[in-house]
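Q: Given next are the chains, with one letter for each unit.
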Amino acid sequence: MIPSVREARAMLGVSLFIMTRSARNRALARLRRLRQPRYWLGALAGLAYLYFAFFRVGGVRPPSDAGDAPPPEIVVALLSARPTIAACLVAVLVAVAWIVPLGAGLLEFSRAEVLFLAPAPVRRQWLLVHRLLRSQLGLLVAAAVPALLLGTGGAGPRLRFALALWIVLVTLRLYFTGVSLARPRLAHPEPRARSAARLPLLLSVGAVIGVADVVRGWIAEGPVGSLDEFVDRIGALGHPGTIGWLLAPFGLVVRPLFDDTIAGYGVSLVGSLALLGATLLWVLKSDKAIEQATDVVVERHDTRALTQTRERYRMRPAPWALAPRGSVEGVFVWKSAIEAVRSINPRVVFSFVFPFTTFVVLGTATAAFPNGLVQVIASAGLLTAGFTTGMGPQIVRSDLRRDLVHLDVIKTWPVAPSSLIRGATLWPTVSLTGVSWLGLVIAAMLSPRAFPEVSTPWTWALALSAMVATPALILAQLVLHNGAALLFPAWVSLGGHRPRGLDAIGQRLITLGGTWLGLGLLTVPGALLGAVVWYALAPWLGPAALAPAALAGALFMAIEVYGLTIALGPAFDRLDLTDMERAE
Amino acid sequence: MALCLDHFHRRYGSVVAVEDLSFAVASGEIVGLIGPNGAGKTTTLRSLAGVLKPSGGRVSIDGFDIVRQPIDAKRRLAFMPDEPHLFEYLTVVEHLQLVGRLYEVPNLAKLVGAILEELELTGREGLLPGELSRGMRQKVVIACGLVRDATTLLFDEPLTGLDPIGIRRMRDTIVGRARGGAAILLSSHLLPLVEEVCSRVVIMDRGRKVADGAVADLAALVSDSSSLEQIFLQITGRDLPPMAGSESR
Chain A
1 MIPSVREARA MLGVSLFIMT RSARNRALAR LRRLRQPRYW LGALAGLAYL YFAFFRVGGV
61 RPPSDAGDAP PPEIVVALLS ARPTIAACLV AVLVAVAWIV PLGAGLLEFS RAEVLFLAPA
121 PVRRQWLLVH RLLRSQLGLL VAAAVPALLL GTGGAGPRLR FALALWIVLV TLRLYFTGVS
181 LARPRLAHPE PRARSAARLP LLLSVGAVIG VADVVRGWIA EGPVGSLDEF VDRIGALGHP
241 GTIGWLLAPF GLVVRPLFDD TIAGYGVSLV GSLALLGATL LWVLKSDKAI EQATDVVVER
301 HDTRALTQTR ERYRMRPAPW ALAPRGSVEG VFVWKSAIEA VRSINPRVVF SFVFPFTTFV
361 VLGTATAAFP NGLVQVIASA GLLTAGFTTG MGPQIVRSDL RRDLVHLDVI KTWPVAPSSL
421 IRGATLWPTV SLTGVSWLGL VIAAMLSPRA FPEVSTPWTW ALALSAMVAT PALILAQLVL
481 HNGAALLFPA WVSLGGHRPR GLDAIGQRLI TLGGTWLGLG LLTVPGALLG AVVWYALAPW
541 LGPAALAPAA LAGALFMAIE VYGLTIALGP AFDRLDLTDM ERAE
Chain B
585 MALCLDHFHR RYGSVVAVED LSFAVASGEI VGLIGPNGAG KTTTLRSLAG VLKPSGGRVS
645 IDGFDIVRQP IDAKRRLAFM PDEPHLFEYL TVVEHLQLVG RLYEVPNLAK LVGAILEELE
705 LTGREGLLPG ELSRGMRQKV VIACGLVRDA TTLLFDEPLT GLDPIGIRRM RDTIVGRARG
765 GAAILLSSHL LPLVEEVCSR VVIMDRGRKV ADGAVADLAA LVSDSSSLEQ IFLQITGRDL
825 PPMAGSESR
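In order, the protein sequence lines correspond to chains A and B. Heads up, the first sequence is in our numbering, so the first residue is 1 and it goes up one at a time. Heads up, the second sequence is in our numbering, so the first residue is 585 and it goes up one at a time.
Okay, chain A solo, but in the shape it has when bound (with noise of 0.2 Å):
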């Protein structure tokens, strides 16, 4: 049942009243907090980056003179394409949807939510309102960071394209949160009940058939032999023929962000915001299912403490049984690879696969490649290996970084903080090791048709010294990140807890950018022995001396590790709760 006017203006009073008072105490705790050093340095470095990230490299950019010059062909075909893509790409995500729980946060609610709105006289609908108007603030952002970087023109078209991208990521929140709801409903014995969650799944269905007789034409027309071909079929793509009536829904959606003319714009702005209303009205009348979602949380936190383990961790056993006695390291690489092995979830493997399918799949569709396919999976080997090594330890945080949250127990254990650094840093360490290899071993083992121009002893040479670096460049980033919590834990997030706002991105980039310097500075002194040891033993072994010039660079670094896991002993005693960063 949709609620009344007076009570959808009642709750909306409530939930105003929440989010303003809200977000002014916010305001104002960050305002104040600004008068401590670590966050009014934090607060500059943001928007020194904001500055440059928006109005300096590469951001708002003037309107463009009437005399520039044409744009190329391949901008034309890929500008005329941009709604078919924008809609198959949406089509996609609501098909996937279906498959893998992409969840929308409208049901998580917090444990204040729960304990004050939760017992209130008012629909569990409500609940469901509330949230969507408390997410309303990050889509906002999340609408206007775009049309700040990628819009074209004055303020009125940016303003433009901003209201269409919030309207496609308000719809989309939406819709992800019916899926939610919907898919215990499929089986419904009820007839009414079912269809309603069945019709639109139907039309996913329909839309997933669409897209994949695209991906069926590109197939059949061949790999694409030059870039005038990659036009004319991009060219094509903007006319979809008979798929576009089973892209219709997801079309309208995205049309507004395409439209460049302000009457166009109004039309096409009707037809979004009447497929939101659709949505919304479909989420909202699916009461029964908000009252037993919503009812599933609620006991959730009545029975549960701070976190949703149910979702976050799944009961798998153990991968090895932990022995009775042996090294403090061991026993935090256990603890580590349980914790991984129970939390991989679909969504988990999604956000894995998807960027490297789409990498795939775009690669090979494209003539950035000559050699095909199979220089297309190298070269994503090879940049899977790259981020592996250069961003995974700033984004696995599974190590002291996310334990400190239990400090108190931990520092009770009678360990010496040099052995619990080691040991919470081993477990990333190899698990990250081993996606990089993966990457790499499939880099080397397709180079021979992908890169044809490099001769396999050096590619197996290069592979290997890679191999070899890899896990102490790993080792020493996670070891550095970690020092940096132990030693500036006011400037460290607790658990997996994200600080938000200026100062806190900020904070971020100065502990990134110290990291990296540090890593600078580790390196430097394995890098002059490795190189060393390639000058006295290349003239002998040629390219394989590269293997043995790593491996004396990766044991130095690793032992100049070693002797940094010692110096910061001190720092994890001294280490005080009270200094710690809690979450808002």
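Hints listed in this document are in silico derivations from the structure and should not be mistaken for laboratory results. Among the hints, a few may not be true.
To be verified - Facing chain B, according to a computed beta carbon distance under 7 Å, are these residues of chain A, among others:
(1) Y313
(2) L322
(3) P324
(4) I338
(5) R342
(6) H406
(7) P414
For each residue, glycine too, the CB sits at the ideal point set by N, CA and C.
For chain A, the structure is supplied; the task is to place chain B on it using the hints.
A: Chain B only, in chain A's frame:
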């Protein structure tokens, strides 16, 4: 003495949380640490456990200084905090295995079975913390402390979230460990429990020790000594006047 605080103090910036606190707990003794909110009890317990570093003074466990010889001191210590923070991804039995390995507990498998039985956790070995109630998680924290042969046990509100049967069992467990020779420091707001199991009581207020002795000795200091609650209220100066209308009832 198994546990000894000597002129201990602890500051948070300019705020003094605990000032010049000295007392000791002997083996086999159960000492209650009580005080109003903000008195500094949890800060004291956390400093004893090595979680917080003392700002001054000396804290030792079995003669080992918690600052200078932390590993030796911690090996003899079990701290049961008031908030049952567990690793979300480890099952009940895996928490015990983790502790067993860290503290090098011999015959762990046997001890695990016994402690699970004692704390009524049998049948829940394979559950994750998220699948346990607050009380059950509290029991897991206590099981992690009791699974090893610690000489000093620190309990911070150990009965929070437990049902009446759990409270009785926990009381028996605490008393049983003391009889086995452990030194126990028990912080709780449940004064009848403290009165029942503790041989001595330390009362803190605003970061300072305001009384230390057996309940009978403390009773001699106040006018109304009918219960530890009355003694506590009078010593801390919080003896409230009767509520309006309560007499007519």
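Q: Decide, hint by hint, whether the structure agrees.
A: Each hint, compared with the structure:
no.	hint	in the structure
1	Y313	5 Å, holds
2	L322	5 Å, holds
3	P324	6 Å, holds
4	I338	6 Å, holds
5	R342	5 Å, holds
6	H406	6 Å, holds
7	P414	4 Å, holds
Of the numbered hints stated above, none is contradicted by the structure.
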